[in-house]
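Just so you know, the sequences run in chain order U and Z.
All letters in the first sequence, in the order written, are residues 1 to 81 by the working numbering.
All letters in the second sequence, in the order written, are residues 82 to 481 by the working numbering.
If you are wondering where the hints come from, they were derived from the structure by calculation, not from laboratory data.
Among the hints, erroneous ones may be present.
One-sided excerpt, in silico: chain Z residues whose CB lies under 8 Å from chain U [to be verified]:
hint, residue
1, 120
2, 122
3, 126
4, 127
5, 219
6, 233
7, 235
8, 236
9, 237
10, 244
11, 439
12, 441
Please read these numbers as outputs of a predicted model, since none were measured by experiment.
All C-beta atoms in this analysis are idealised placements derived from N, C-alpha and C, irrespective of residue type, glycine included.
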Amino acid sequence: MTDRAHTDARIKTLIEPFNKKEIAVEDGTRFAQDLEWDSLTVLDFVATIEDEFDILITMNQQAEIETVAQLVDAVEKLKAA
Amino acid sequence: MSDLFSKFDPLIAQREALLSTGLTDPFNLVMEEVVSPTVAICNGRRTILLGTYNYMGMTFDPDVIAAGKAALDEYGSGTTGSRVLNGTYSPHKACEEALKTFYAMDHAMVFSTGYQANLGIISTIAGKEDYVVLDVDSHASIYDGCALGNAQIVTFRHNDVDALEKRLKRLPEGAKSLVILEGVYSMLGDVAPLKEMVAVSKAAGAMVLVDEAHSMGFIGENGRGVAEDQGVIDDVDFIIGTFSKSVGTVGGFCVSNHPKFEILRLVCRPYVFTASLPPSVVATAATSIAKLMHGAEKRAHLWDNSRKLHAGLKALGFTLGTDTPQSAIIAVIMPDLETGARMWEALLGEGLYVNLARPPATPGNITLLRCSLCAEHTDDQVDQILTMFEAAGRATGCIG
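Sequences are here, hints too, so could you generate the full structure?
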């Protein structure tokens with residue numbers, strides 16, 4: 001498994017406890033519109049991702065992340081930084 | 082028709098659904114007469130106030146009222162100007178002196194509201210390259226201060242010392258940072274572990290700002306707040322506070338010992354580009370603050386009230402926001418918004434006003450009835466409050 005594929009799999013696993021609508025999570029799944037997360041849920045989920053990968057995702061960066069694939073890319077970039 | 086207001090449609094629909102059941106609008110109450118810090122006339126009915134933040138009951142203090150009247154006569158109804166132009170009168174300086182004395186700090190800056198104090202200080206001192214690290218349950222004014230500024234914003238789980246420390250360690254090498262904490266969190270009335278949080282923040286080289294809006298006047302030996310109570314006030318760089326709670330009027334402030342603090346008066350936009358408080362308001366605030374310094378007996382009675390109400394509500398079977406009484410706020414958790422609104426209305430019918438708090442202002446999207454006690458509530462009133470909660474709780478099925 002490549003690093004990116006590994007990150008992708010971990011993120012999709014970590015989404016599940018927050019996936020109250022139990023929708024199928026794809027690369028293009030959007031956090032706000034498809035998963036229908038409110039701002040508090042987003043912050044709770046971000047904390048989980050930050051601790052999993054030992055990174056920080058600032059609120060400024062979060063504003064740019066709409067989909068699962070964008071989150072995977074952002075995490076990959078932040079891990080490398 | 083779709084226009085700019087379409088985004089509010091879900092909220093409009095939720096409100097209409099709630100009100101169509103015949104419920105009184107919980108966000109539209111009018112107090113026709115205010116009898117005292119603890120009693121008002123609402124809908125023609127004598128009502129005990131248990132949701133005002135008027136913790137120390139200073140709103141009708143005779144010295145406070147006299148100071149306001151004298152300032153009104155002497156200085157007129159308003160300043161019509163900014164603090165940095167024509168809006169600083171002697172009473173504004175006297176008010177800042179009263180704050181410096183109260184907190185034993187070198188500098189004090191008075192804003193027109195507590196909201197603006199947070200907006201101004203946060204957005205001004207944290208620049209684009211800087212990091213602001215804040216508790217996820219922070220007050221709206223703190224989030225809005227972050228949004229107004231350009232800094233990088235990082236949140237951590239509520240009151241979680243370990244989560245804060247981890248994030249501080251992940252900040253880029255050499256980045257300057259501001260940690261923002263609150264002494265008392267106003268939704269659940271829980272207190273922050275400031276001793277530990279300030280220590281990890283200082284160890285990481287961060288500056289620390291503590292919002293003590295809900296603790297001023299009655300927490301800590303001199304009423305300076307949770308930071309004083311936990312022995313870390315000397316390590317706190319900025320304390321933000323308000324005049325609209327224990328002080329009993331309106332306005333906000335920041336106190337600090339930072340040697341360059343005064344420059345903020347020229348660069349802080351929410352301070353510069355708004356009119357200053359009316360002289361009567363700052364005169365009442367100064368008098369009230371001076372009196373709060375000697376409020377040990379009132380503080381003790383307020384704590385008695387808090388303990389008594391907390392124990393009483395718990396015994397009745399209500400679910401509370403904290404296991405123990407930690408402040409003058411006691412949050413009664415409701416199963417959902419509809420039950421919360423019905424309970425709120427039932428309490429009002431009994432002659433008791435509390436705050437109905439609901440998402441998104443609440444942590445975890447819960448609905449709660451927020452009770453805030455006053456040092457002027459008598460033992461007898463607390464007994465009456467408990468009787469009213471019991472009757473309303475049974476009528477709405479909140480308790481068995």
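Against the structure, the hints come out as follows:
1. Interface hint at residue 120 of chain Z: violated, since its Cβ lies 36 Å from the closest Cβ of chain U, which is beyond the 8 Å cut-off.
2. Given the 8 Å rule on beta carbons, the hint for residue 122 of chain Z is violated: about 37 Å separates it from the nearest Cβ of chain U.
3. Below 8 Å, beta-carbon pairs count as interface contacts, and residue 126 of chain Z has none with chain U, the closest being about 36 Å; its hint is therefore violated.
4. With its C-beta approaching chain U no nearer than about 38 Å, residue 127 of chain Z sits outside the 8 Å limit, and its interface hint is violated.
5. With 8 Å as the threshold, the beta carbon of residue 219 of chain Z stays out of range of chain U, its nearest partner Cβ sitting at about 11 Å, so the hint is violated.
6. Evaluation of the residue 233 of chain Z hint against chain U yields a held restraint, the C-beta minimum of about 4 Å falling below 8 Å.
7. Taking 8 Å as the C-beta cut-off, the interface hint given for residue 235 of chain Z holds, the closest approach to chain U being about 5 Å.
8. A least Cβ separation of about 5 Å between residue 236 of chain Z and chain U falls short of the 8 Å threshold, and the interface hint therefore holds.
9. For residue 237 of chain Z, the interface hint holds, since its Cβ comes within 8 Å of a Cβ in chain U; the closest pair sits about 7 Å apart.
10. The interface hint given for residue 244 of chain Z is met, as the beta carbon of that residue sits about 7 Å from the closest beta carbon of chain U, less than 8 Å.
11. Look at residue 439 of chain Z: its Cβ only gets to about 13 Å from chain U, farther than 8 Å, so that hint breaks.
12. At a threshold of 8 Å, the smallest CB-CB gap from residue 441 of chain Z to chain U is about 7 Å, leaving the interface hint in force.
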